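Visitor: Read off the chains here:
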Amino acid sequence: AQSVTQPDIHITVSEGASLELRCNYSYGATPYLFWYVQSPGQGLQLLLKYFSGDTLVQGIKGFEAEFKRSQSSFNLRKPSVHWSDAAEYFCAVGRGGGADGLTFGKGTHLIIQP
Amino acid sequence: DAGVIQSPRHEVTEMGQEVTLRCKPISGHNSLFWYRQTMMRGLELLIYFNNNVPIDDSGMPEDRFSAKMPNASFSTLKIQPSEPRDSAVYFCASRGQGAGEQYFGPGTRLTVT
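Those protein sequence lines, which keep their order, are chains A and B. So the first sequence is numbered by the numbering used here: it starts at 8 and just counts up by one. So the second sequence is numbered by the numbering used here: it starts at 7 and just counts up by one.
Everything labelled a hint here was simulated from the structure, so no lab data went into it. For clarity, every value in this text was computed on a predicted model and none was experimentally measured. For each residue, glycine too, the CB sits at the ideal point set by N, CA and C. Just to be clear, a hint being listed does not mean it is correct.
[Claimed, not checked] One side only, chain A facing chain B, incomplete, derived with CB under 8 Å:
| id | residue |
| --- | --- |
| 1 | 51 |
| 2 | 58 |
| 3 | 97 |
| 4 | 101 |
| 5 | 111 |
| 6 | 114 |
[Stated by the list, open to error] Computed list of lysine-lysine pairs in DSBU-like fashion (alpha-carbon distance at most 30 Å, straight line):
| id | chain 1 | residue 1 | chain 2 | residue 2 |
| --- | --- | --- | --- | --- |
| 7 | A | 56 | A | 75 |
| 8 | A | 68 | A | 56 |
| 9 | B | 30 | B | 84 |
| 10 | A | 113 | A | 56 |
| 11 | B | 84 | B | 74 |
| 12 | A | 113 | A | 75 |
| 13 | B | 74 | B | 30 |
| 14 | A | 56 | B | 30 |
| 15 | B | 74 | A | 113 |
| 16 | A | 113 | B | 84 |
| 17 | A | 68 | A | 113 |
| 18 | B | 30 | A | 113 |
| 19 | A | 68 | B | 30 |
Extracted from the complex, chain A is given alone in its bound form (with noise of 0.2 Å):
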């Protein structure tokens, strides 16, 4: 079964700092990864996804994610936090693609310091 670790239940950074949120997954064929987030009372928005291809995925709001398959690895990264970033933040491998639903880890907590 598929399953996905987020180790980081809480992060706290500076403005302007630079950000790498972790996630782990464990899937039996080529994953597809996919980073969420979602802001206090907020569904869930898109942040990037992986299927196939380059291993760096550009996405919105200025994040980036790489894949690293022998570390079963999606981890999450922005150069430079801004204070509207604070917000909970989900790593999710699909299921079928995505076409069976996805799995999500408990999410991150992110704190924005001024």
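Let chain A serve as the given structure and place chain B on it in line with the hints.
Guide: The following block gives chain B in isolation, referenced to the frame of chain A:
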């Protein structure tokens, strides 16, 4: 496009009552998913439909939960009878054919007292 629409946004009900959550997927999308989000268990897939047909309901926690999709533009998730442990945020998401990402609605926050 208006995106995925869910109603109501908030629902407060008493234990034992029937609750119906509603979802309108993005027009043209042929897959619809229901998820539940709780602090303890995170985001869990409850059930999903392809072309209005339920494909996998293994995530539905109990027989008290049921879901229908009578047409391509409407789905319901029903809990009867409701219990306090059903309190959660319920999300609906839809996906178009050939695309991998799912688009989520704003969620329904259910509180059962």
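Visitor: Sort out which numbered hints this structure fails and list those numbers smallest first.
Guide: none
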